[in-house]
Amino acid sequence: MNVNDFDFHLPEELIAQTPLLDRTSSRLLVMNKETGDVDHRHFRDIIDYLHKGDTLVLNDTRVLPARLMGVKEETGAHIELLLLKQVEDDVWETLVKPAKKVKVGTVISFGDGLLKAECTALLDHGGRHFKMIYDGIFYEILDQLGEMPLPPYIREKLEDQERYQTVFAKERGSAAAPTAGLHFTEELLDEIRAKGINIAFITLHVGLGTFRPVSVDSIDDHKMHAEFYRITQETADLINNTKKQGGRVISVGTTSTRTLESVAEKFGGKLQEDSGWTDIFIFPGFEFRAIDGLITNFHLPKSTLVMLVSALSNRENILNAYNEAVNERYRFFSFGDAMFIEPQKKETHQ
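Using my numbering, the first residue of the sequence shown is number 84, and each one after it goes up by one.
There could be a bad hint or two in this list.
With a cut-off of at most 30 Å between alpha-carbon atoms, the simulated DSSO-like pairs for lysine-lysine come out as follows [said to hold, decoys possible]: (1) Lys-240 with Lys-184; (2) Lys-214 with Lys-184; (3) Lys-135 with Lys-353; (4) Lys-186 with Lys-199; (5) Lys-306 with Lys-183; (6) Lys-180 with Lys-306; (7) Lys-199 with Lys-184.
Label-pair distances were calculated between CB atoms; the ranges are [stated by the list, open to error]: (8) Glu-117 with Phe-91: 20 to 26 Å; (9) Glu-96 with Lys-306: 31 to 37 Å; (10) Gln-244 with Asp-218: 21 to 27 Å; (11) Arg-276 with Val-170: 35 to 41 Å; (12) Asp-303 with Gln-355: 28 to 34 Å; (13) Gly-219 with Gln-316: 31 to 37 Å.
Hint data in this document are derived by calculation from the structure and do not stem from the laboratory. Beta carbons: idealized from backbone N, C-alpha and C, even for Gly.
The whole structure should be built from the sequences, with the hints applied where relevant.
What follows is the structure, encoded as structure tokens:
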């Protein structure tokens, strides 16, 4: 299967640059997973498509304000550091701009020395390891000095940093938001619970590889980046019981999907408490074991995320739905509108 099979025309003006004031007022394209038929609604209407006994799975990762602007101590040159993941204690894997100015031993100062970072290793892909030097609590300093690492296609400044966090964000460590979750409010979640729908949480810390384009022609040659995930026994039991009782498992976002399917693949279809790194690559032909339906945003042409949603339905249905979304002027990507790939309602076992 070729990467170009997942291309579609996307006018640049449809890439959402700013979030809507009301999270639930974004539009919602509902597509029947089997037939490809679509309805046009608003996100607050998602509750009409969820049934008592279903389980909604949300990713509770919290985005780090991981973009730091500093100066090289020796020369005063401006350096931008982007924290990708914690390697050990105070050592972080990072991306640096301009990388050519940073060698092993280079020290960068942030906030007039409130935080310093010493380069300890050069990595193959142009990244760097840095040891953080500070007094106090690192995450509090990061909250003070860091900026939200918005995706490269967003060029507008974000006025409210919390708008790039879900309302249920808890576990710090992500380089990007699980954007399908941005549409929920506490009020909507309360309404969903009141209808008898279960809400479960997993954690997957999104890496910047999410935005990395596929650079090969054949899908089979693409290698996914690895991301850290965690699932509790409570969540595993809830999902296993939902399936046993005939309910549907609705994943919120591709990150939740990758976590659940990784664990299901590891343990033969059943879920259990687990944590680790996943580089699962889901594309058409994949056999889903954990999820039935998916709430997701609209993704980049030729991306691994378009391939994932195509695997849950089929390529033709997804591209037809995307083309309709373009024609109807839906907003795309992180701050854009949402799509629900809706599974058939299951018969409840007596």
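Here is how each hint holds up against the structure:
A threshold of 30 Å between alpha carbons decides the hint, and for Lys-240 with Lys-184 the separation of about 27 Å falls inside it, so the pair holds. In summary, the hint linking Lys-214 to Lys-184 is supported, as the alpha carbons are separated by about 17 Å, within the 30 Å threshold. Distance hint between Lys-135 and Lys-353 is fulfilled; the C-alpha atoms sit about 22 Å from each other, no more than 30 Å. In summary, the hint linking Lys-186 to Lys-199 is supported, as the alpha carbons are separated by about 15 Å, within the 30 Å threshold.
For the hint pairing Lys-306 with Lys-183, the CA-to-CA distance comes to about 26 Å; that is within 30 Å, so the pair holds. Using a Cα cut-off of 30 Å, the hinted pair Lys-180 and Lys-306 holds, with the two alpha carbons roughly 25 Å apart. For the hint pairing Lys-199 with Lys-184, the CA-to-CA distance comes to about 16 Å; that is within 30 Å, so the pair holds. The hinted range of 20 to 26 Å is satisfied by Glu-117 and Phe-91, whose Cβ atoms lie roughly 21 Å apart.
Here the CB-CB span from Glu-96 to Lys-306 is close to 33 Å, well matched to the stated 31 to 37 Å. Evaluation of the 21 to 27 Å hint for Gln-244 and Asp-218 yields a pass: the beta carbon distance comes to about 24 Å. Separation of Arg-276 from Val-170 is about 38 Å and conforms to the stated range, judged on CB atoms against 35 to 41 Å. Between Asp-303 and Gln-355 the Cβ separation comes to about 30 Å, which falls inside the hinted range of 28 to 34 Å.
Checked against the hint of 31 to 37 Å, the pair Gly-219 and Gln-316 passes, with Cβ atoms roughly 35 Å apart.
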